[in-house]
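No gaps in the numbering here: position 489 of the sequence shown is 556 in the numbering used here, and each next residue is one more.
Note that these hints are calculated values from the structure, not bench results. What you were told as hints is all true, and nothing was included just to trick you.
Derived CB-CB ranges, DEER-like:
no.: 1; residue 1: TYR404; residue 2: ALA621; range: 35 to 43 Å
no.: 2; residue 1: LEU424; residue 2: SER493; range: 39 to 47 Å
no.: 3; residue 1: PHE558; residue 2: ALA613; range: 20 to 28 Å
DMTMM-like cross-link-like pairs, simulated, lysine to aspartate or glutamate; straight-line CA separation at most 20 Å:
no.: 4; residue 1: LYS350; residue 2: GLU301
no.: 5; residue 1: LYS478; residue 2: GLU515
no.: 6; residue 1: LYS326; residue 2: ASP351
no.: 7; residue 1: LYS498; residue 2: GLU488
no.: 8; residue 1: LYS415; residue 2: ASP373
no.: 9; residue 1: LYS327; residue 2: GLU393
no.: 10; residue 1: LYS423; residue 2: ASP468
no.: 11; residue 1: LYS372; residue 2: GLU305
no.: 12; residue 1: LYS209; residue 2: ASP128
no.: 13; residue 1: LYS94; residue 2: ASP83
no.: 14; residue 1: LYS372; residue 2: ASP356
no.: 15; residue 1: LYS109; residue 2: ASP78
no.: 16; residue 1: LYS425; residue 2: ASP465
no.: 17; residue 1: LYS326; residue 2: GLU301
no.: 18; residue 1: LYS206; residue 2: GLU187
no.: 19; residue 1: LYS326; residue 2: ASP356
no.: 20; residue 1: LYS350; residue 2: GLU305
no.: 21; residue 1: LYS438; residue 2: GLU427
no.: 22; residue 1: LYS105; residue 2: ASP78
no.: 23; residue 1: LYS480; residue 2: GLU492
no.: 24; residue 1: LYS423; residue 2: GLU459
no.: 25; residue 1: LYS209; residue 2: GLU187
no.: 26; residue 1: LYS350; residue 2: GLU371
no.: 27; residue 1: LYS415; residue 2: GLU393
no.: 28; residue 1: LYS630; residue 2: ASP468
no.: 29; residue 1: LYS105; residue 2: GLU85
no.: 30; residue 1: LYS372; residue 2: GLU301
no.: 31; residue 1: LYS630; residue 2: GLU427
no.: 32; residue 1: LYS480; residue 2: ASP405
no.: 33; residue 1: LYS478; residue 2: GLU406
no.: 34; residue 1: LYS109; residue 2: GLU80
no.: 35; residue 1: LYS480; residue 2: ASP520
no.: 36; residue 1: LYS415; residue 2: GLU461
no.: 37; residue 1: LYS209; residue 2: GLU225
no.: 38; residue 1: LYS463; residue 2: ASP419
All of these numbers come straight from a predicted model, not from anything done at the bench. Just so it is clear, CB atoms sit at the ideal spot from N, CA and C, and this is done for glycine as well.
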Amino acid sequence: MCRMAHFGNCDPETADQEYCIFHKPDKNENEAREFYNKFVLKFFGYKSPRSEGLVFAGPVDARGFVFPSATSRVKYREWGETTPFRYTLFKKSVDFSEACFSSDTLFFGPPALFDSVTFESHVYFNDSNFREARFCKVKFFKGVNFEGIESHGRMIFEECQFVSGQKINDVLDVRFKGANFYGPVIFDHCVFTTDINFESVHFHSDAIFGDEEMLFRSREEYPGGFPFKTHASEFHAEMDFHNSEFKGNVNFESCIFDKKVNFQYCLFSEERGETNFSRSRFKDTSLFDSAQFRNVSFNSVVFEKDVSFNNATFHGDTTFEGSVFERVASFVNTGFYDELSFANCDFKEGADFLGKLKNETDTSQLWNFFKSRFSNIQALIEVARVQRLSFEKEGKRDEADRMFVLEMRAKRKLRLLNSKEHLAESRGLSKLKAYFGYLGTWLGVQTEKVLADWITQYGTSWRRILISSGAVIGIIGFVYWILSMFSEKVFLGIPVGTIYTCEHCATGGILGFLNALYYSLVTFTTLGYGDMHPTGWLKALSAIEALTGAVFMALIVAVIARKWMR
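Could you build the full structure based on these sequences and the hints that come with them?
Here it is as structure tokens:
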């Protein structure tokens, strides 16, 4: 008895053998001819004058069938010297579940496995095994099931149409769930007008859905031996790639997605390859939450509805250059660990990288959050810039100021890291020059840290500048008070000096300290009333305070005007 008898579709004449002719693996040429002849007889295939190929008017149950390679000697009536299923029309449901297609197929010219075939009812390929497969100009009118298939060579869908039909048991019409593609899979100029499910699919090689120039190096590796271009696919219904895995190059360039797209928990190019969504258009909600990317391009992409990259991770070069986000783009808890670019992007309703931290006022906490998500400083700068511009577009000035502070801190750190890397890479005399360059950069960074960040938070905090001004007045006033007690002491031939030069100035106790604060305030504001003036070394200290005060007064005016008058 045939080992595949449980399918209930064995050939009666050979069913008593280990494998009937339909289920027998490794068929020779004579067995291949017998297989195809009996296949047509079993399912009442006939040649229609209105069709170039055979027509199967009834249901076709080919579960577990092993389809051998076809040669010119495999003929049946009008089948001719073309390969199986060329221009074939299936009017009822077709079931190829657990079938094995062992023939090799070429990209150009015969033999081709499914060429200009029309399926007018549902067709099942689930759990089938393909060595090579090409579906050229195939029309699926009522859905197709490729769940659990294994493709060990190239699998091509060229100019195929997946037309909207009815759902079966609430399952999507086009299903690739759990499929494994060990060779390249190419969707060339396909049109999808029904829902598609690619959930938990594993792409072990290249996956191409969009524009792609490919040069085949040799006829042995890729038959044809010359370049060709795949055209962008159009998806007119919902697509679900949830939890799929792409291990090779992935190309969705110039694709059009009319409905919701789900790439949540997908793994893109973990080991090698690149992912390309450039010039694509997403007309409905697109979800990339918790996806993992490596070397991905979203250049010139248009997102017309909501787009979410929450909890996604990006490794390698990541670019969103020139993209348009019509709605809010969500990047909450997204990690960028290498180069990142949002150059010339248009966020029409803003972007969200902060989530619940959007209203956080502590810049230190925000800085720690960003550092935990971005190991690459350049990526941190880019995200802070985009979030700042987003807040400015929304009119949230205070939040934008906090992003500006983070952006400037990151730029400061990047300058120091670049200088340190230059020092480490330098050799010989250039290393000495690099050392002094690093020293100058370090001093500049520390000066900026104190004067720009600590004192004013890069001109965004009027409270800090007022507190800093009060601290300078109080500290230097205290120094005046203390040093004036040692006015007769001589240092480098010059006495320490005093500020108490008026006739009735109290020099000791609380009154003496208050007089010192008064003098410090007058000096800081450069009013110079003249009732008190310094002597000795305190002249130099007064000059320094006056210069500091002039700078601080200008900062106070600028910061307060910026915060309150804008």
